[in-house]
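**Student:** Chains F and L, in that order, are what the protein sequence lines are.
Using our numbering, you'd call the opening residue of the first sequence number 1 and step up by one each time.
Using our numbering, you'd call the opening residue of the second sequence number 1001 and step up by one each time.
Calculated from the structure, these hints are not laboratory results.
Among the hints, erroneous ones may be present.
[To be verified] DSBU-like mimics (lysine-lysine), calculated; alpha carbons at most 35 angstroms apart, straight line:
| # | chain 1 | residue 1 | chain 2 | residue 2 |
| --- | --- | --- | --- | --- |
| 1 | L | Lys1054 | F | Lys96 |
| 2 | F | Lys324 | F | Lys136 |
| 3 | F | Lys253 | L | Lys1054 |
| 4 | F | Lys253 | F | Lys292 |
| 5 | F | Lys290 | L | Lys1054 |
| 6 | L | Lys1290 | F | Lys96 |
| 7 | L | Lys1343 | F | Lys95 |
Keep in mind it's a predicted model, so treat the numbers as computed, not measured.
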Amino acid sequence: MKKIFRLLFVWLIVLIILFATLEILCDIYILHFMDKGTFTNYASVEQIFRRVNKERTELKATLHPYKGYFLTPNYTDGCNKHNSYGFRGDELGEKKEGEIWIACLGESTTYDSDIECWEDAYPAQLEKTLNEKGIKAKVINAGVDGWTSFEILIDFTLHVSKFPVDIVIYYGGLNDVGQTRFVYPIPDNLLERDIVLARRGIDGLFNYPFWERSSLLRIFMLKAGLAIPHTDLIFLHYSPENRMNQFIIQLIKGTYPSGIFKEVSPEKILSSNPPIWFEHNIRNLILLAKSKSITPVLMTYMINTSNKNDILIVPTSPGKDILKNIMIRGINETNDVLKKLSVELNTALYDLPSYFPTENPSLFLDLVHNTPQGAHIKAELLGEYLINSGICK
Amino acid sequence: MTRYFKIFLSFVITAGVIFVLAEISTNIYVYYFADEDSLSRYASITQLARIFNKDKNKLRITPHPYTVYTLSPNYEEGCNKHNLYGFRGKELGTKEDGEIWIACLGESTTYDYDIECWEKAYPAQLEKYLNEQGVKAKVINAGVDGWTSFEILIDFNLRVSRLPIDILIYYGGFNDIIFTRLVHPIPKNPLERDITCARWGIDGMFNYPFWETSSVMRIILVKLGYAIPHFDLFSMHLSPQNCFIDVVVQLLNRSYPEGIFKDIPIENILLNNPPIWFEQNLTNLVLLAKSKSIIPILTTYALNKSKHNNHFIVRDEKSVAIINRIMSFGIKEMNSVIEKIAKEQNIPILDLDNSYPVDGNLFTDLIHNNEQGAQIKAELIAKFLINSHIINLPKHD
């Protein structure tokens, strides 16, 4: 009996030492030797912070005190680059006499994150189009993937409005639908509806099970699809009432509707949380732009209406179609808000979906992101609108 | 030799086991039993995040995605309370006909951090005074300790401006000096001067030596004054180029000036980093308020200019004199910006700096008022609002 106990004890100690050694080696590998792509997939929240702390220009995005994260200034990767102010593209230089500066605000559909080279993104192509038509214009790509109208408004207020911008173009709404509206339950009193109901601060990043603190277990679970990368926790920092992750996971696993969605449909969640934050933020963006003598231009959001290349996160039907229909519904609502604000505040609006060939799948890489050719058409259409409406003279 | 090795091994194992047990017990204590003060002093940044996760409103402040932290809604302690919107004071209710809503934006000197009861803070006393004059006014205390013009502008942009406000009063500038201006070196190009030169995101909260991950070590180090509480890392999230903590530590250790300050005096650091962010934020605040038909009112910042109760963090005479010299220099610049914006934007300004009594008995330190001081501040602001006809007194028959 004593011998068995001793053997068990030795085994236990050996296992603990082995686990601890593997854990230490794994941590060293993650922190010091993993390439960027793998690192962002497998590192823990703490490891990401420590590495970002050490080398702030290594990753595409850097953490920011008020916007969550922003584009890393002077970042380069192949034919992609950010300038020293953290905008995708070339250095801005000084504003020349007679030059028009246009800032394109938005999400990944403005950064054009699926387009490899910065010169093929729609803002760079807009600059080229306008220049070819004899207009001395500089176009700033101020789009950042994952940003909602909150980050865009804050960035415009703190950063973009410091530049001698003449025109500001807003194109967005999808992230507001996906990241801020899937909240259930939500207070009836509209003024009690603070953004913390949808997104949290630092507390939202540590909302993972304690076993994911172990690098070994975390990597194993991520590989098995049983956990989400901690980078997503940093980007999304959802509140527990934000149901988007559950919705996506259920659609991917084919278990939808289960859990909360047995009680309440995603349509009901959206209708109980209308885009009041989006409306407030875009209104303030317009008001502030106008008060700084910047012409605001709103552009309604378009969706790939063909049935090809129309994936958004969920790769297969029926999940793909359920998500697509919900996002279309949400986008229609945010587009309605843009139209309403345009009338109320007498602001220019370009109804992009009415002119863009959205039924052509070769212009899209997924449900919302353009190919370089799609970005080119978007830029040309917008350029024509800016000229024909007399905004760019 | 084998005997010595056995003794050494059992000593190491015993020490290891004791350390692990102490670590587990300390973590359990911090996580489950520590009161608010102990939590803010001894909890690690990850423990704080997990505590906030479990009970978002456990502490007086709570994390926020865009202002880092904000006041916990429905928080109550003794005679202090926050309403359900997270403003210090009672519930707002709905706006009545003919009622004027005033929002006081600012820092700890608006929250009135050293005043225990919410009713004695200056915004609540302003409401009381105006009501006594027959003015139907509701005053919102939107001040939050530690906030700079960045958080104040963001909060106004996202939250305060959703309320039916008629007038906003801005009182601040001190935190902008200590948290955003003591940065060295700083890029020469003003457009490259992003706030990330002074403050970082959540990564800035993880900028501590690895041994502070241990709760036992951290508590010992904080108690001995060799480490700063992680709660401060959370609330300040300073960049490595921000030398505010260095100034404070050197003054506390009475070793100032050393290190960076031997090469460059603090006044020069301030001069190299003029209040361009403050000016931009305040200008945007004023423009946004005007565009929403809210009357913005600026007030200059009043330091305690007496020789009594004029300390800030440090208390020895020499250090107090140094802090006073630096802060007077900084506040003078901030007040110049406030005056410049008021003139440029043609908006009312109350010169509290020159109209507030020089009396140490109205202060608890260099900047914070006591109840009596807050009452005088409230009265000065109310009289300014009435005399400059921003608020009209009801006509009597």
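**Student:** So, for every hint listed, does it hold in this structure?
**Tutor:** Checked hints:
Our distance criterion of 35 angstroms between C-alpha atoms is broken by L:Lys1054 and F:Lys96, whose separation comes to about 54 angstroms. Distance restraint check for F:Lys324 and F:Lys136: the Cα-Cα separation of roughly 40 angstroms exceeds the 35 angstroms cut-off, and the hinted pair is therefore not satisfied. Under the criterion of a C-alpha separation no larger than 35 angstroms, the hint pairing F:Lys253 with L:Lys1054 is consistent with the structure, at around 28 angstroms. A distance of roughly 49 angstroms separates the Cα atoms of F:Lys253 and F:Lys292; the hinted pair therefore is violated under the 35 angstroms criterion.
Proximity of F:Lys290 to L:Lys1054 is assessed by CA-CA distance (about 43 angstroms); at most 35 angstroms being required, the pair is judged violated. With a C-alpha separation of about 31 angstroms, the suggested pair L:Lys1290 and F:Lys96 falls inside the 35 angstroms cut-off, and the hint holds. Using a Cα cut-off of 35 angstroms, the hinted pair L:Lys1343 and F:Lys95 holds, with the two alpha carbons roughly 28 angstroms apart.
When held up to the earlier numbered hints, the structure conflicts with 1, 2, 4 and 5 and fits the remainder.
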